Amino acid sequence: METSFTLGWIDYTIMLVYFVFVLGIGWTLKRYMKSSTDFLEAGRSIPAWITGLAFIATNLGALEVIGMAASGAKYGMATVHFYWIGAIPAMIFLAIFMMPFYYGSKARSVPEYLKLRFDEKTRGFNAFSFAVMTIFASGISMYALAMLMETLLGWDFDFSLLISAVIVLVYVYLGGLTSAIYNEVLQFFLIVIGFTPLVILGLINIGGWEGLTESLSDVAVRNGYEPGAWVNSWKYMDSPDSNPMGVKWFGVLMGLGFVLSFGYWCTNFLVVQRAMAADSMAGARKTPLIGAFPKMFLPALVIIPGMIAIALTAIPESGFELPLKGNSYDYDKVIPVLLGHYFPTGVLGLGLTALMASFMSGMAGNVTAFNTVWTYDIYQSYINKKKSDRHYLRVGQLTTIFGVLVSIGAAYMARSFNNVMDFLQLIFAFINAPLFATFLLGMFWKRSTGHGAFLGLVSGTLAASLHHGLTAPAGADTLIKGGWLGTVVHTYPSEMAQNFWTAIYAFSAAFILTVIISLMTKKLKSDEDLKGLVYSLTPRIREEGIVWYKRPAPLAIIVGIVAIILSLLFW
Amino acid sequence: MGLDIKVPIGLMFTILGLLLTIFGLATAGNTEMYHRSLDININLWTGIAMLLIGVFMLATSKIKPAKKE
Numbered sequence: 001m002e003t004s005f006t007l008g009w010i011d012y013t014i015m016l017v018y019f020v021f022v023l024g025i026g027w028t029l030k031r032y033m034k035s036s037t038d039f040l041e042a043g044r045s046i047p048a049w050i051t052g053l054a055f056i057a058t059n060l061g062a063l064e065v066i067g068m069a070a071s072g073a074k075y076g077m078a079t080v081h082f083y084w085i086g087a088i089p090a091m092i093f094l095a096i097f098m099m100p101f102y103y104g105s106k107a108r109s110v111p112e113y114l115k116l117r118f119d120e121k122t123r124g125f126n127a128f129s130f131a132v133m134t135i136f137a138s139g140i141s142m143y144a145l146a147m148l149m150e151t152l153l154g155w156d157f158d159f160s161l162l163i164s165a166v167i168v169l170v171y172v173y174l175g176g177l178t179s180a181i182y183n184e185v186l187q188f189f190l191i192v193i194g195f196t197p198l199v200i201l202g203l204i205n206i207g208g209w210e211g212l213t214e215s216l217s218d219v220a221v222r223n224g225y226e227p228g229a230w231v232n233s234w235k236y237m238d239s240p241d242s243n244p245m246g247v248k249w250f251g252v253l254m255g256l257g258f259v260l261s262f263g264y265w266c267t268n269f270l271v272v273q274r275a276m277a278a279d280s281m282a283g284a285r286k287t288p289l290i291g292a293f294p295k296m297f298l299p300a301l302v303i304i305p306g307m308i309a310i311a312l313t314a315i316p317e318s319g320f321e322l323p324l325k326g327n328s329y330d331y332d333k334v335i336p337v338l339l340g341h342y343f344p345t346g347v348l349g350l351g352l353t354a355l356m357a358s359f360m361s362g363m364a365g366n367v368t369a370f371n372t373v374w375t376y377d378i379y380q381s382y383i384n385k386k387k388s389d390r391h392y393l394r395v396g397q398l399t400t401i402f403g404v405l406v407s408i409g410a411a412y413m414a415r416s417f418n419n420v421m422d423f424l425q426l427i428f429a430f431i432n433a434p435l436f437a438t439f440l441l442g443m444f445w446k447r448s449t450g451h452g453a454f455l456g457l458v459s460g461t462l463a464a465s466l467h468h469g470l471t472a473p474a475g476a477d478t479l480i481k482g483g484w485l486g487t488v489v490h491t492y493p494s495e496m497a498q499n500f501w502t503a504i505y506a507f508s509a510a511f512i513l514t515v516i517i518s519l520m521t522k523k524l525k526s527d528e529d530l531k532g533l534v535y536s537l538t539p540r541i542r543e544e545g546i547v548w549y550k551r552p553a554p555l556a557i558i559v560g561i562v563a564i565i566l567s568l569l570f571w
Numbered sequence: 001m002g003l004d005i006k007v008p009i010g011l012m013f014t015i016l017g018l019l020l021t022i023f024g025l026a027t028a029g030n031t032e033m034y035h036r037s038l039d040i041n042i043n044l045w046t047g048i049a050m051l052l053i054g055v056f057m058l059a060t061s062k063i064k065p066a067k068k069e
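Protein chains in written order, with the numbering used here: chain A, 1 to 571; chain B, 1 to 69.
Bear in mind the hints are in silico, worked out from the structure with no lab data behind them.
Any given hint might turn out to be false.
With a cut-off of at most 27 Å between alpha-carbon atoms, the simulated BS3-like pairs for lysine-lysine come out as follows [claimed, not checked]:
1. A/Lys248 with A/Lys481
2. A/Lys121 with A/Lys387
3. A/Lys385 with A/Lys106
4. B/Lys6 with A/Lys30
5. B/Lys6 with A/Lys34
6. A/Lys385 with A/Lys34
7. A/Lys30 with A/Lys387
8. A/Lys106 with A/Lys386
9. A/Lys550 with B/Lys6
Predicted model only: the values in this text are computed from it and were never measured.
Produce the entire structure from the sequences given, and follow the hints as far as they go.
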């Protein structure tokens, strides 16, 4: 099987056209960048359908495209848990219950909400940890892209890294958040059109869904599972031994479905920022719901290719084989190898461009989130407080350059991981899982205090690292996978299970400690201060006069019903 | 914001769609090239789909010229 391919003039032309448009959007938007609000918050003026698509597109980076395809091959249909039980309920919760506080409080970022609701130290902790995390995520996107260009096209690693960094830098520098959001929408359409032919060809080749199921039952049996283990999502979750993910339904439900997903989708400024850029409160609340519709069907584009790849590998006559890495399959290669297998010159260029687009949207999303947090929550709060808005606009622009430079550094650091996904999950577990406890208590319990929130967050993060340091997944060979405290108290059947439980412990520690410490400390903010920040002290949003299907609640119910139907179909 | 996102997306899809459609027509019958895509002229089909999406975007962007505000 060839792992590198040569491109024709048409492939390069397609790539070039894409680059021209991406940069052109930045260039066109440049003249609207008059204030720091325009640059860092998109002037709060973007229609909901655009922010909705950007909401999911910014997440459709390397992590999702490469990681989900890899998981699709490794774990099969169970990977949809990241969507239907993971993302969707969290997105609904964000839209209905949390968005009113983010958007209504006039906070400019998630850390700033924490400052308004709690205190300075809570904001500082969140702002710094978030800044580090986004830079890492952006660096991983860059690394993955450059690695791909190197192995597939024979491009120089440093050159690929540089070119992608420069393109993202230019369009974010010129048009700020608006440019990133507009490009994310463009990238979203490109990713869909680029990957759809791949899925269609793959399914035709393997004989449709039946052919896929049949071949995957061979895969399952060969690996010592029930025949349906690769095509069912919940059916084999009653014991970690009966599904390739090595998890039990409770871990999925609590760890992934509740703690990790709510922590990610409801408190991660990367995605929340898109909703906060909407033109109205109704628009901000609809953003995650509009995004939820395409999100529910993304598994068809990113998980199914992984399942097809492993299914084809199991059929020797297919002429397709996943490359090996050491003594296991190189799962991260699923998408590129499939592209090379099915696409002739022409769509090949389109597919590769779509892949690049996905990496760039991931990168740009992180860079814009980093910009805002750095400028407002770190620079304006701790370094230089009283300057004109012009000054902060300039700082925002310069931060773009700084952010991209540091991500390049992170890209070089991110080299030694087999499954990029697992590594990011680990970081999310450490930082995000306790965060959701803080927000939950902050938004819905007016008695929670700044000291409680801060100490709760810190101990949640500590609990996460402690748990990770004392446990290990089966067959762990490096300390990065766990057990670095010397003694392994518990061994999990898989890394995934360990990650879910790390999150559960972190969340519980943060929740319990925030409650205890809040009750022990004095409440420093009056009810008047907390108006618009806490559920019980905020007047309900009135939405008479809006047609029912444009209101968030009915939309949320429809999203929920569709997700349940999908889950039942692939039970 | 003064830029309707449908215009650049529509334009890009139209251009790429035309490119792929023409390329697909020009390479029709090249069995060696389309062997890997299961003898389907995937360039032509993808091109047509992109062209349709592009034209649709451009058409709807004209009906609703730059929103108020």
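Here's how the hints hold up against the structure:
Of the supplied pair hints, the one linking A/Lys248 and A/Lys481 holds, its CA atoms being roughly 20 Å apart against a limit of 27 Å. Between A/Lys121 and A/Lys387 the CA atoms are separated by roughly 22 Å; this keeps the pair inside 27 Å, and the hint holds. A hinted pair counts as satisfied when its Cα atoms are at most 27 Å apart, and A/Lys385 with A/Lys106 qualifies at roughly 19 Å. Proximity of B/Lys6 to A/Lys30 is assessed by CA-CA distance (about 18 Å); at most 27 Å being required, the pair is judged to hold.
Taking the CA atoms of B/Lys6 and A/Lys34, the gap is near 23 Å; set against the 27 Å cutoff, the hint holds. Restraint check: the Cα-Cα separation between A/Lys385 and A/Lys34 comes to about 20 Å, which is no more than 27 Å; the hinted pair holds. A threshold of 27 Å between alpha carbons decides the hint, and for A/Lys30 with A/Lys387 the separation of about 23 Å falls inside it, so the pair holds. For the proposed pair A/Lys106 and A/Lys386, the alpha carbon gap of about 19 Å is at most 27 Å, so the pair holds.
Our distance criterion of 27 Å between C-alpha atoms is met by A/Lys550 and B/Lys6, whose separation comes to about 21 Å.
Hint violations for this structure: none, all hints satisfied.
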